[in-house]
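Colleague: Okay, here's what each chain looks like letter by letter:
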Amino acid sequence: MDYTIKIGGQAGQGLQTIGAVLAKLFARSGFHVFTHQDYMSRIRGGHNFYQVRFADREISASRKVVDILVALDKNTVAEHLGELSPVGLVVYDSETVREKYDGENLLDIPFRQIAMDAAGNRIMENTVAVGAMLGMLGMDLETLDELLTETFARKGREVVDQNLAAAKAGADFARGNCGQCNFSVNIPGLTAAQEKEAAAGVSRAAPKRMLMDGTSAVGLGALAGGCRFYAAYPMTPSTGVMNFMAAQSGRHSLIVEQAEDEIAAINMAIGASYAGVRSMTGTAGGGFALMVEGLSLAGMTETPVVIFVGQRPAPATGFPTRTEQADLLYILHAAHGEFPRVIMAPGNPEQAYYLTGKAFDLAEKYQVPAFIISDQYLADTEWTLDALDPAKIIYQDYRLRAGELAKLADYQRHAYTDTGVSPLAEPGASHHLVVTDSDEHDEDGHLVEDAETRVRMVEKRLLKKQPLIRDQISPPLLHGDKKPETVIVGWGSTYGVIKEAVDRLGEKHSIAMLHFSEIYPFPGTGKFDYLEVLRQAKFTVCVENNATSQFARLMRAETGFVFSKLVTKFDGRPYLLEELLDELGEHDV
Amino acid sequence: MDYTIKIGGQAGQGLQTIGAVLAKLFARSGFHVFTHQDYMSRIRGGHNFYQVRFADREISASRKVVDILVALDKNTVAEHLGELSPVGLVVYDSETVREKYDGENLLDIPFRQIAMDAAGNRIMENTVAVGAMLGMLGMDLETLDELLTETFARKGREVVDQNLAAAKAGADFARGNCGQCNFSVNIPGLTAAQEKEAAAGVSRAAPKRMLMDGTSAVGLGALAGGCRFYAAYPMTPSTGVMNFMAAQSGRHSLIVEQAEDEIAAINMAIGASYAGVRSMTGTAGGGFALMVEGLSLAGMTETPVVIFVGQRPAPATGFPTRTEQADLLYILHAAHGEFPRVIMAPGNPEQAYYLTGKAFDLAEKYQVPAFIISDQYLADTEWTLDALDPAKIIYQDYRLRAGELAKLADYQRHAYTDTGVSPLAEPGASHHLVVTDSDEHDEDGHLVEDAETRVRMVEKRLLKKQPLIRDQISPPLLHGDKKPETVIVGWGSTYGVIKEAVDRLGEKHSIAMLHFSEIYPFPGTGKFDYLEVLRQAKFTVCVENNATSQFARLMRAETGFVFSKLVTKFDGRPYLLEELLDELGEHDV
Amino acid sequence: MSELESFRGQNPAWCPGCGNLQILRAFKMAMVELGLEPHELTIVSGIGQAGKFPHYTRCNTFNGLHGRTLPVAQAIRLANHEMRVLAVAGDGDCYGEGGNHFLNAMRRNLNITLFVHDNQVYGLTKGQASPTTDEGMITGAQPFGVLYEPLNPIALAVAMDASFVARGFSGDQDQLRGLMQSALEHKGFAFLDILQPCVSYNKINTFQWYRERCYPVGPEHDPGDRVAAFQRALEFGERIPTGIIYRSERQTLEERIPVIANREPLVKQPFLPEDMAGELQRFF
Amino acid sequence: MSELESFRGQNPAWCPGCGNLQILRAFKMAMVELGLEPHELTIVSGIGQAGKFPHYTRCNTFNGLHGRTLPVAQAIRLANHEMRVLAVAGDGDCYGEGGNHFLNAMRRNLNITLFVHDNQVYGLTKGQASPTTDEGMITGAQPFGVLYEPLNPIALAVAMDASFVARGFSGDQDQLRGLMQSALEHKGFAFLDILQPCVSYNKINTFQWYRERCYPVGPEHDPGDRVAAFQRALEFGERIPTGIIYRSERQTLEERIPVIANREPLVKQPFLPEDMAGELQRFF
Ligand SMILES: Cc1ncc(C[n+]2csc(CCOP(=O)(O)OP(=O)(O)O)c2C)c(N)n1
Ligand SMILES: Cc1ncc(C[n+]2csc(CCOP(=O)(O)OP(=O)(O)O)c2C)c(N)n1
Ligand code: SF4
Ligand code: SF4
Ligand SMILES: [Mg+2]
Ligand SMILES: [Mg+2]
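So the protein sequences, as listed, match chains B, F, Y and W. Once you know that position 290 of the first sequence is 294 in our numbering, the rest is easy, because the numbers rise by one and skip nothing. Once you know that position 378 of the second sequence is 382 in our numbering, the rest is easy, because the numbers rise by one and skip nothing. Once you know that position 75 of the third sequence is 77 in our numbering, the rest is easy, because the numbers rise by one and skip nothing. Once you know that position 51 of the fourth sequence is 53 in our numbering, the rest is easy, because the numbers rise by one and skip nothing.
Since the hints were made in silico from the structure, they are not lab data. Some hints could be false.
Claimed, not checked - List time: in silico DMTMM-like cross-link candidates among lysine to aspartate or glutamate, alpha-carbon distance up to 25 Å:
| # | chain 1 | residue 1 | chain 2 | residue 2 |
| --- | --- | --- | --- | --- |
| 1 | B | K212 | B | D112 |
| 2 | Y | K189 | W | D176 |
| 3 | B | K212 | B | E456 |
| 4 | F | K468 | B | E456 |
| 5 | Y | K205 | Y | E266 |
| 6 | F | K569 | B | E562 |
| 7 | B | K468 | F | D575 |
| 8 | F | K212 | F | D112 |
| 9 | F | K411 | Y | E137 |
| 10 | F | K78 | F | D112 |
| 11 | F | K396 | Y | E276 |
| 12 | F | K396 | F | D414 |
| 13 | F | K159 | Y | E281 |
| 14 | W | K189 | W | E214 |
| 15 | F | K78 | B | E536 |
| 16 | B | K396 | W | E7 |
| 17 | F | K68 | B | E456 |
| 18 | B | K486 | B | D533 |
| 19 | B | K486 | B | D448 |
| 20 | B | K411 | W | E84 |
| 21 | B | K212 | B | D414 |
| 22 | B | K396 | W | D277 |
| 23 | F | K569 | B | D390 |
| 24 | F | K569 | B | E463 |
| 25 | F | K487 | F | D586 |
| 26 | F | K396 | Y | E281 |
| 27 | W | K189 | Y | E137 |
| 28 | Y | K270 | F | D414 |
| 29 | W | K270 | B | E456 |
| 30 | F | K212 | Y | E7 |
| 31 | F | K396 | Y | D277 |
| 32 | B | K68 | F | D454 |
| 33 | W | K189 | W | E84 |
| 34 | F | K212 | F | D414 |
| 35 | B | K411 | W | E7 |
| 36 | B | K212 | W | E276 |
| 37 | B | K569 | F | E463 |
Stated by the list, open to error - Chain Y side only, calculated, beta carbon under 7 Å to chain B, not exhaustive:
| # | residue |
| --- | --- |
| 38 | I49 |
| 39 | T127 |
| 40 | S202 |
Glycine included, each C-beta is placed from N, C-alpha and C at the ideal position.
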């Protein structure tokens, strides 16, 4: 089974609540879940939607077809009716929508009235809708009860019961009135271990999976990576990470500063890092434009800093709430002068978690800026995933602190070393002074103008470190046929849709996905000769969510490899599964 | 003949005046001249030098060997004594330098005392030095007289005469005391036409050449290109262009604004352009970092703007007064999102003039940002060149102004057209409104969120325009053998040194220079198949004044071509002729 | 002559009840009353809810970047000093991201107008603190409440000697319209801070909150007295003065730049390539 | 205990006669008198002549970008509130490129000190106008003279309610040393604008010019009175008040952030990876 529920309506109507609750419910119930959102840059009105797909096998993209369309306004019906699957249904409340539709696949459920009747409160109408979904799908309300209990823990049992009553009334109504409902939902089978657990009453029957969005994954990865200072200026789609971190700052040793602008944000992150704590900033492509000079400062002073960039369609303000992958070459080449940097472009929340952690480790170890590139799509999509393991994130303090430092006879912040990595000390932790400079400087960190020191410093800072960092980069992920005739290449957030497309096509063809999530230093072929895989293939396609195939260009610059075909999409929306299959299907994959 | 005079001393000692006067003198006298400067980021003290090379044939680089070293301080002797040619001499004033040197090739000339004696004013000591040079070279003082008369026109004949007296005394002293002087200087031969002119008393005997530095050339090109508004924030090595433009603003319809920061500067340039005047901004790599968001704004709103970037060694503040070519990929990829841009990287003042003009034309014609990339070396070096011809710079007003505009029934700022170029109108010139937006917008310029408009706008703004702009780009310049076995490739300010090296090596080898000055859109091979030249060559070298061979990388990304050898230099200094010959000589050119 | 209809633009995407709607209305009426036509004004706006303003009316429009309204607006005026220029910004836009431009625009004193739609919050990005947010307000990004002292835009403008400094309130339409007109008619940089309830994200400084506090300064207030203006500017809390707080007569920048002072606007001055040839002579 | 010798750095590359030399001397003496050792202070500077300051003494040093001293300085303090932090900037640095950070640093009120070496000109880049340059001064970039009204840093700081606002003059060493000490000892953001002759590029505001005009505010001046402070701040021309112009007691930001208020500095707090595991639970 594989169903998609789409909730559409205006900003401010609460469709996000419905979507989020359903997603969590399905995840708890043991399904694989994938959600994605589409919203306008406005607070009320307009047209938004939240799409929840759930299935009894792994899924990793959104589909074009919708099985249940929950329409909170008339416009939603008009826009999305055509997307219904053969068994598909529209569910709406004619009172809210101010329209009564004919047609067998349009089901009028008086959410508002039911909410009033069952719970005496019309604001429970969204809970009624959730209940109705469960009813239509033939699912029980046990998991919902659990969820509501957690959610409203602080508000007390009464609120939970009211909500539950509303949901139950919605479910009952749906069951009673949905002659058309042809949904067959089976809770996915349990593993032996899980059955044992279930029998022991330890957990509910379903396998334990997490449901996580890209934003939270980055935030969690940062915490696990030891982030203690986060400075940012709000900008979609990066604000989520700031809010996530702010929420953590009460519980952990973490300071979150909203800066007056992005320039201040990155300079603050650099300042905090200089002072001795791991630090991070985050922004979108447009805000990053203002950080470019600061990036160069981090490069020159060899100050570790992690920079999160959420891409969105541009140039300029572009589409503030939509998605695109058009900042890769920009981020890679940003800033005057030459210095090493690390770029991670996770493809899903799991990668986002681990790679954010890795970004911190590499930033600290090599004293370089490290990027995490995301986009609105990755930020908002929720995936079910197996338990994340914080222990897999390396945390090691590479800095010189009080004890060790005081023991040293001499200390030079930018001392020449074999690796190019100089000792990084905490200022004030001993009598040794920590001096650094945005001008070219000597080993002591003081400014110089001579040619010889310049050459040695460029060698130290850039030429020696770069290959060492490259050694730390994992090769791209090959998924599918091990000797594929067709290779679909992608990077970052297209991971899920390419993977699922390759799985589909793999049933009949020799095909594989090659996905790059650790992008720079560009992975060598020592650990895995992915270039050989590409060269052996008959047909190679690079799929990107931009107009100029930036990764393909990078590939050529780095390796000389040229793809057979370039697939692009630049309408501000992510690839849906069918769209990508169409693009690939035109050619003999 | 081919001599180099190097004047060295502390900041504030007036060595720039000596150098500049000598350069002009030699140029007026009919020599080919090439100068370059080296100075520290301080106002007084330290160590600076000004190097003037002059010859009776074309020259285009500085040499390592020095024929006359004018030492204004002790340090200069210490630093540069080793550079003397076999006939070389050091000239110094033991009173100023506070040291008396032994040695036949060290000539103590009491500049200060002579100035006092001849003109009663010690501040004429630098003029004495100039006179001494002329004396040593056996040149007369006629041209100097002419020059002084022009320079001090406003101060009156007396000042001229005093200076002349000082110079003459210097010359006399030199002639009388320079037993070692072995310089033979012949005013270069005249062409038949010039002889006729000379005979007719129309001009002095020497051929008419201009002496120009890169900074002035950019400014003059901007004026010829119709620049009416220049906004900038001072930053070496771009401040010269701002000062040049400011000086012009009294004479022409030109406003020069010193902005509060670079962000304001580029936004001002964009605002002025929107309002209807051709506009420009200028900065160094670090200041450009702050303009990146504005660049994207120009891209989205399709506002023409010309951006001058003077590169300097980075990252961060780097070496403020020195030279490097490390911002190419940065400028090419700067800014979020995808939009076309033009990049010119002139190799000498002549190119700087014409390409700045061309940048304005292309910016206006295609409504895109156009860059001129320079560096400290190009900014400061002076070259002799044949008369520049303003008529060779296309000036055409592509905008809709009052008359035409009022006639239109409808006007849409971002109308779809076959070329992607929409009509650009002057706001307020008619009842038609000129509306544009940094958000994605419709043909009217108003903000939208739909996918279809987005796709059409990206097609219009980027995909349609880009190939048309590429058609306007001239191919690289091939100099030397037409079927070379060895090709030396360079871009921007390395033009001169590569050219001269190739000329030298060309005497014995099949060799050519391929120089790129119009860099983006990357030149196609339609007009001249330069790739074929490279492919046919046995040995190809890419010479760059950076550490990572950025142009070579760009070449590979654009064409797949990979060089046999990469030559880099990243000590903040330009290539001297001998240095480059050494680099090339190691291999069998 | 224009009429209200001439200024009808896109349907506003603002929340119902948003103070921006009132500001928009007052603006359109002010334009009609001043007898201005759409093409006679260029509106420059930034990004934020306020930044959408020009799309909801009809004028020449440059909707630029977040925080960068003033540099664009000033340059438009320099290039064409016959064009009226209105910069529209949010409080985040103008005092946060764009603070440096605000300082310098006051120094330049070009003849342009600035409206700041001051809802004391970042509206478009969903409710983070702006520089004018009250201390203590809890938001998603400020879980412990705002810990900085709010910026006082009026006091700041008086300190910078802006030549026209006023405060309006979206809820007082008559006064607001009048202030808009005075600002648009003022010779020099005219700054109007407009208090505006954000119904979605500012639950502290509500319509009610403002209405109870705002009072128009009376005739006893002398806008020519800078120290008195400063003192008045410090009032913000229990009572909030509205109206023209400070005004002075200064030469405008366009009156001081020789190339355009008492001359045609730059955009109308002819380009004479011949002139340029002369410049080359100096290099022989 | 430290002595002057402890603070000897590189040989200054400043011009002979430059006011910066005097500022440096006063600073070193102030440090010795306060009994501070080099490692107990971190100096953050920008780019400009003033920005070179830390290289000419010995302390922990972060010499960052032009205009960006304050964000770096503030973050250092947030990360380690046991470290004394001194930001050193030029007038261009702080009021030009860095204007927005200056505004916000005053709002944040962290316990750091800011010296602005105010020579009323861009020294390092060879003499363009800075925000404090007098109207009318002719430079290479301002051929018609400066046409903007200069920024009055003291008035601006009073308007922003900076908790310590003072002006010194490099030529009055005793007063300057005292002001430096008061600034360094002040709890909260302490701002000291130091008038400093630039012998190479500012031929108007010379040593002589300052000496004739600067006078220390007397005991009749109450630095606690904001309006009086503002009035005093407006004096700049024939007479220039020096000394502490405005001072107020406010909580510092580091006292208000729960994570560090009355706790160890962030940099000393242990990292407990175990804590993080709990965060993952919410996602099941
Ligand atoms: C450089 C940059 N940073 C951040 C943003 C995101 N952003 C858009 S509007 C806004 C703040 C809006 O607040 P305000 O200016 O007060 O306007 P309001 O929405 O309240 O009217 C922000 C942070 C952006 N567009 N550009
Ligand atoms: C982003 C950036 N813009 C411009 C510069 C060039 N620059 C260096 S110092 C300076 C101004 C110096 O003036 P001020 O801050 O007053 O310092 P002073 O030299 O007078 O002490 C400028 C414009 C720079 N380094 N970085
Ligand atoms: S969020 Fe606030 S400011 Fe924005 S439209 Fe809604 S009410 Fe107005
Ligand atoms: S230029 Fe001015 S500020 Fe700079 S060192 Fe010289 S005198 Fe001092
Ligand atoms: Mg706001
Ligand atoms: Mg200064």
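Colleague: Against this structure, judge whether each hint is valid.
Modeller: Hint by hint, here is what the structure shows:
Restraint check for K212(B) and D112(B): the C-alpha separation of about 35 Å exceeds 25 Å, so the hint is violated. For the hint linking K189(Y) to D176(W), the alpha-carbon distance of about 46 Å lies beyond 25 Å, and the restraint is violated. For the proposed pair K212(B) and E456(B), the alpha carbon gap of about 60 Å is over 25 Å, so the pair is violated. This hinted pair does not check out: K468(F) and E456(B) have alpha carbons roughly 48 Å apart, beyond 25 Å.
The suggested pairing of K205(Y) with E266(Y) is violated, with an alpha-carbon distance near 50 Å, which exceeds 25 Å. At most 25 Å may separate the alpha-carbon atoms for a hinted pair to count; K569(F) and E562(B) meet this at roughly 16 Å. Between the alpha carbons of K468(B) and D575(F) the distance comes to roughly 16 Å, so the proposed pair stays at or under 25 Å and holds. Note on K212(F) and D112(F): the hinted pairing is violated, with a Cα-Cα distance of about 35 Å set against a maximum of 25 Å.
Restraint check for K411(F) and E137(Y): not satisfied, since their Cα atoms lie roughly 56 Å apart, outside the 25 Å limit. Pair hint K78(F) plus D112(F) holds up; C-alpha atoms about 12 Å apart against a cutoff of 25 Å. For the hint linking K396(F) to E276(Y), the alpha-carbon distance of about 13 Å falls within 25 Å, and the restraint holds. With a C-alpha separation of about 36 Å, the suggested pairing of K396(F) with D414(F) is violated against the 25 Å cut-off.
The hinted pair formed by K159(F) and E281(Y) meets the criterion: a straight-line CA distance of about 22 Å does not exceed 25 Å. Taking the CA atoms of K189(W) and E214(W), the gap is near 33 Å; set against the 25 Å cutoff, the hint is violated. Restraint check for K78(F) and E536(B): the C-alpha separation of about 62 Å exceeds 25 Å, so the hint is violated. Straight-line distance between C-alpha atoms of K396(B) and E7(W) comes to about 50 Å, which puts the hinted pair past the 25 Å bound.
A threshold of 25 Å between alpha carbons decides the hint, and for K68(F) with E456(B) the separation of about 17 Å falls inside it, so the pair holds. A distance of roughly 12 Å separates the Cα atoms of K486(B) and D533(B); the hinted pair therefore holds under the 25 Å criterion. Restraint check: the Cα-Cα separation between K486(B) and D448(B) comes to about 52 Å, which exceeds 25 Å; the hinted pair is violated. With a C-alpha separation of about 21 Å, the suggested pairing of K411(B) with E84(W) holds against the 25 Å cut-off.
Only pairs whose Cα atoms come within 25 Å are accepted, and K212(B) paired with D414(B) is rejected, the gap being roughly 54 Å. Between the alpha carbons of K396(B) and D277(W) the distance comes to roughly 15 Å, so the proposed pair stays at or under 25 Å and holds. Taken as a hint, the K569(F) and D390(B) pair is broken in the structure, with Cα atoms around 50 Å apart against an allowance of 25 Å. The suggested pairing of K569(F) with E463(B) holds, with an alpha-carbon distance near 19 Å, which does not exceed 25 Å.
With a C-alpha separation of about 23 Å, the suggested pair K487(F) and D586(F) falls inside the 25 Å cut-off, and the hint holds. Distance restraint check for K396(F) and E281(Y): the Cα-Cα separation of roughly 16 Å lies within the 25 Å cut-off, and the hinted pair is therefore satisfied. The suggested pairing of K189(W) with E137(Y) holds, with an alpha-carbon distance near 20 Å, which does not exceed 25 Å. With a C-alpha separation of about 23 Å, the suggested pairing of K270(Y) with D414(F) holds against the 25 Å cut-off.
With a C-alpha separation of about 38 Å, the suggested pairing of K270(W) with E456(B) is violated against the 25 Å cut-off. With a C-alpha separation of about 66 Å, the suggested pairing of K212(F) with E7(Y) is violated against the 25 Å cut-off. A threshold of 25 Å between alpha carbons decides the hint, and for K396(F) with D277(Y) the separation of about 15 Å falls inside it, so the pair holds. Distance check on the hinted pair: K68(B) and D454(F) sit about 17 Å apart at the alpha-carbon level, within 25 Å; holds.
Taken as a hint, the K189(W) and E84(W) pair is honoured in the structure, with Cα atoms around 13 Å apart against an allowance of 25 Å. A threshold of 25 Å between alpha carbons decides the hint, and for K212(F) with D414(F) the separation of about 54 Å lies outside it, so the pair is violated. Taking the CA atoms of K411(B) and E7(W), the gap is about 23 Å. The hint holds against a cut of 25 Å. Among the hinted pairs, K212(B) with E276(W) is consistent with the structure: their alpha-carbon atoms are about 21 Å apart, no more than 25 Å.
A distance of roughly 19 Å separates the Cα atoms of K569(B) and E463(F); the hinted pair therefore holds under the 25 Å criterion. For I49(Y), the interface hint holds, since its Cβ comes within 7 Å of a Cβ in chain B; the closest pair sits about 5 Å apart. Given the 7 Å rule on beta carbons, the hint for T127(Y) holds: about 4 Å separates it from the nearest Cβ of chain B. Evaluation of the S202(Y) hint against chain B yields a held restraint, the C-beta minimum of about 5 Å falling below 7 Å.
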